[in-house]
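Line by line, the protein sequences give chains A and B. Read in order, the letters of the first sequence are residues 1 to 122 in the numbering used here. Read in order, the letters of the second sequence are residues 123 to 398 in the numbering used here.
Hints listed in this document are in silico derivations from the structure and should not be mistaken for laboratory results. Among the clues, some could well be false.
[Stated by the list, open to error] Now the stretches of chain B that chain A is said to cover, found in silico as 3 or more residues with beta-carbon under 8 Å:
#1 158-170
#2 180-190
#3 325-339
[Said to hold, decoys possible] Covered stretches of chain A, as calculated for chain B (at least 3 residues, CB under 8 Å):
#4 49-57
#5 81-93
#6 96-110
We treat Cβ as the ideally placed atom computed from N, Cα and C, and that holds for glycine.
Here is what each chain is made of, one letter per residue.
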Amino acid sequence: MIRHLANSRRIGAQALSVALMLGHATLSQPAFSQEAPSVKLTLKNHRFEPAEPHAAANKPFAIEVTNLDSTPAEFESKTLRVEKVIAANSTVSVQIRALAPGRYRFFDDYHEDTTEGFLVVQ
Amino acid sequence: MLGALIIVFREVIEAGLIVGITMAVTRGIRGRGYYIAGGVAAGVFGACLVGAFINTISSAFEGVGQELFNAAILGIAVVMLAWHNVWMARHGREIAAQMREAGEAVRTGASTLMGLAVVVAVAVLREGSEVALFLYGILIASAPGSGISLLTGGVIGLLLGACVTVLTYGGLVRIPGRYLFGVTSVLIALLAAGLASQAVGFLEQADVITMLPDQLWDSSNILSDTSILGRVLHTLIGYSDHPSAMEALIYVGTLAVIALLMKLFAHPAPVARAAE
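Extracted from the complex, chain B is given alone in its bound form (with noise of 0.2 Å):
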């Protein structure tokens, strides 16, 4: 029961940050929890089909479907991300002048509320669907009393993935509002540019990008990334045990792409607001 319990929290930590991380963000707007929730549901739909038809997607583009599927649902998060820190970086000084006037709560925009409902539904069915096959394996093959178990273990573990959301949620609204929007801003960037590199070590292993493949370290005897810890911290700054060369490029890359963005469409010099 406790090996199941493992099992299943392990997968489930990712999107239980990823989706209090969100609900930190998305405080104050109407309608987010329909989003956020329509995010979840969408993903276990998702993570459902897909463990369903994983025969089909391995055995597409000539064995690495797999690969490429995973590839390709990590870089749509990471572009939503991207695109939520860039809006951000745009309307933060009017959402800030409206939480003084009205003392309201970090507010962003309605527009990015879909931007971060695709992040919920990516993170969810990516994990998700590990998840699935796992449980679903133990429900047809274990010897009749100890599925129960097996299964208990396996809800308990999804329960404890709640409670990650509901710990960093509850973290995060602590910090006052005029440092959220910072605080918050980083913690995005560190997990699109961990997922970015995320997914690169899922081309790398498709075997589409072959450059700088050489492991840069390998640190899984001090903090191995499939621990609780190495594994939070894997999501929240894509720490890795053992990363190519290329995965930390593209971190890094991600990083300053998503700075550099930031500033570029940063909102217009204070005089040219004051003269609208």
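Here chain A stands alone, though its shape is the one from the complex (with noise of 0.2 Å):
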């Protein structure tokens, strides 16, 4: 039901895109290119790289976070509204909203001394 509801909005988004890429294409390339922009991280012994990442503001993007240590992770942001695990040698998404410009400080609940990061929204 939820998945449904997820792939009709997602489709829903893509069907608008489409459209309105059709009704710019030959006005404004850079459409292209604003699909879903995302910001990678990689955890390895327990600290993030990049552990300043930029991100662009007001617009909607995915924080894809990779963690190559053999322990489970937890990552987590109060700013950013977001708190998930990771397990060990695994990958996660989330999306994140449109964010105001601004310095959020994320972290790995299990290891938050040694992984502090912050994103920085321009």
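Build the complex: two chains, separate frames, hints provided.
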């Protein structure tokens, strides 16, 4: 049910973006490259790399976190409103809403002392 | 060691409080110990399963399986708590009468025992799965020697969680019987509202709910909800240091719905009862 809803919404969004692209293809090229921008992070030896990733303000995006350690982690950020467990040697992706410019702190809840990072939104 | 202790303790506070409250609510019912112990055991078992299959859960539903899973089990707890309150609103009068006659402790019906056992299981499962993953991480990754110390910290954290249960129970049962029903009703309604808004938080994270996403306030400088006190209030009254407008709306809405249901299904008027 929920998957169905999410799918139909995604299809709706795709149809919309296709329509937009068709309408503006000749006018604005960048529309193509704006599909689902994503910030990639890796976690190794309980440190985030990069520790200060950048993202564009005022548009939704995804954060993809890959945990290269042999222990589970919990990607967490109060200000980004994210709390998600990442098993060892695996990747999760979280959708982030459109954000105002600023610095957003994130960390691995299981190793908060070594894993602090900031997402810089401009 | 202290780090591990704090991480584990922070996770088990919620379950500890909930077990304490359910024990106080069910005081005097025959067999409640089995139900609650069964709930805890089922929760621990479930937590280990969730920990073991976290990858499968994460990748389900196009990557938002974890969020949907958390929201679903929180939703179950909310329904069970609401049902308990409604049931008590309906039968509270009989129970009060029984108490006066027999001088017994407050009793809730055995029919809500199962519901409360489910609440306990869900609370233990949700927080327990994070503890299980954390402790598992310690076990496989630590250098020889330091693992023991970290694990000791974790175990002490778990024991402190059990102390929270004892304190909550001990505090609640001190309340005189005639007030206990009122106090626990309010406690359970607030608990349910807090859990409902947590569920909404997960649905927002999964991008299932996208309305009213704006953060209402940020009080993490005053009282962080990851601090011990913040965590306790987070469970008891649903305190959040950075709620979205939707979470706040669901919180208030849940309280209103529970209050309305309690009123609607309240015991028949005294006149009608006298004729029975």
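Structure-based check of all given hints:
1. 158-170: It is violated, with 0 qualifying residues against the three required.
2. 180-190: holds (count 8)
3. 325-339: holds (count 8)
4. 49-57: violated (count 0)
5. 81-93: With 11 residues in contact (Cβ-Cβ under 8 Å with chain B), the coverage given for the stretch 81-93 of chain A holds.
6. 96-110: Coverage by chain B holds here, the residue count being 3 at a Cβ distance below 8 Å.
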